[in-house]
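Given only the sequences and the hints, what does the whole structure look like? Please build it.
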Amino acid sequence: MPTALSLLDLAPISAGQTARDSLEASVALARAAEHSGYQRVWYAEHHNMPVIASSATSVVIGYVAAHTESIRLGAGGIMLPNHSPLVIAEQFGTLETLYPGRIDLGLGRAPGSDQVTMRALRRDHLSADTFPQDVVELQGYLAGKSVIPGVQAVPRAEQPVPLYILGSSLFGAQLAARLGLPYAFASHFAPDALHQAVRVYRETFTPSQQLAEPYVIVGVNVVAAETHDEAVAQMTSAYRSRTRAFISRGGVGRNYTDAEIDAFLASPGGQNLASMTRYTAVGTPDEVRDYLEEFAATSQADELITAHHAQSVEDRVRSVELTGAAMAALV
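Just so we're aligned: the sequence shown equals residues 85 to 415 in our numbering.
Heads up, some of the hints might be wrong.
[What the hints assert, rightly or not] Mimicking EDC-like on lysine to aspartate or glutamate, the simulated pairs with C-alpha atoms at most 16 Å apart in a straight line are:
#1 Lys229 <-> Glu242
#2 Lys229 <-> Glu174
#3 Lys229 <-> Asp213
If you are wondering where the hints come from, they were derived from the structure by calculation, not from laboratory data.
Spelled out as structure tokens, the structure:
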């Protein structure tokens, strides 16, 4: 069967844009994905990042759901140690009640922020240690089988919101396998452990009420355009901008030239940052399709979740459309 295709919307706030512009762009992207055969759109929880608008992830999901018809929407993910499981169960129970059959809940254990912001979130540095227990507690609330007597999440939807474990290491793979949950690997920015983590997950998977067989979602970056040169130009511009954001994070910083950014990425100090986007499909629709087909096969992915990086909203929407049409041709 052809690999399922989904969208990870990073909700970027580009230069000269407002957060509202970014959220309206998220609606446009979700609509494009809905019309192009994508399975789902996910949004990630990040904090204290002036260039990302999805910090209040559940609110973003609700807004986009109100402006789309059928596509699944969810968190990719909620950083559960930042929250009480009960509050997240209430939020996603509400979303599933309002938009039945359309809501996903991906869970991660990273802070989604820096150390100072982590303290501002009232998060203890040991919070991640209870992540497995917190997942089980959350699962109980969503299913109406609370592990804490006398406590229930209200509202609770008729059908439990499906859970997904996110990760970029073996920890998430092992937890997802033990709990019998789908596993999503963040190879769009943390590629190193991809193949080992997927292998561990598949080899140790235990069936559950939610899932009978292992299911793997793998992240991949995409820049699709009408011509190869146009796609490469969009990718180069987007990755330079991304590098500037990383360098200046936590401060204003100076405006580095394109030549300085390119030199940094080519230097030993910049190689780690450059390697984060190792898995990138760039080019014409045919070139992108060929890359995604091979990547899905080598990573043993059941589903690819694509992050489209063109800087303009119009180019991102077009990339989503071109990729969807190219992959649909395989059906």
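The hints, checked one at a time:
1. Lys229 <-> Glu242: At roughly 13 Å apart (the allowed maximum being 16 Å), Glu242 and Lys229 satisfy the hint.
2. Lys229 <-> Glu174: holds, 14 Å
3. Lys229 <-> Asp213: At roughly 23 Å apart (the allowed maximum being 16 Å), Asp213 and Lys229 break the hint.
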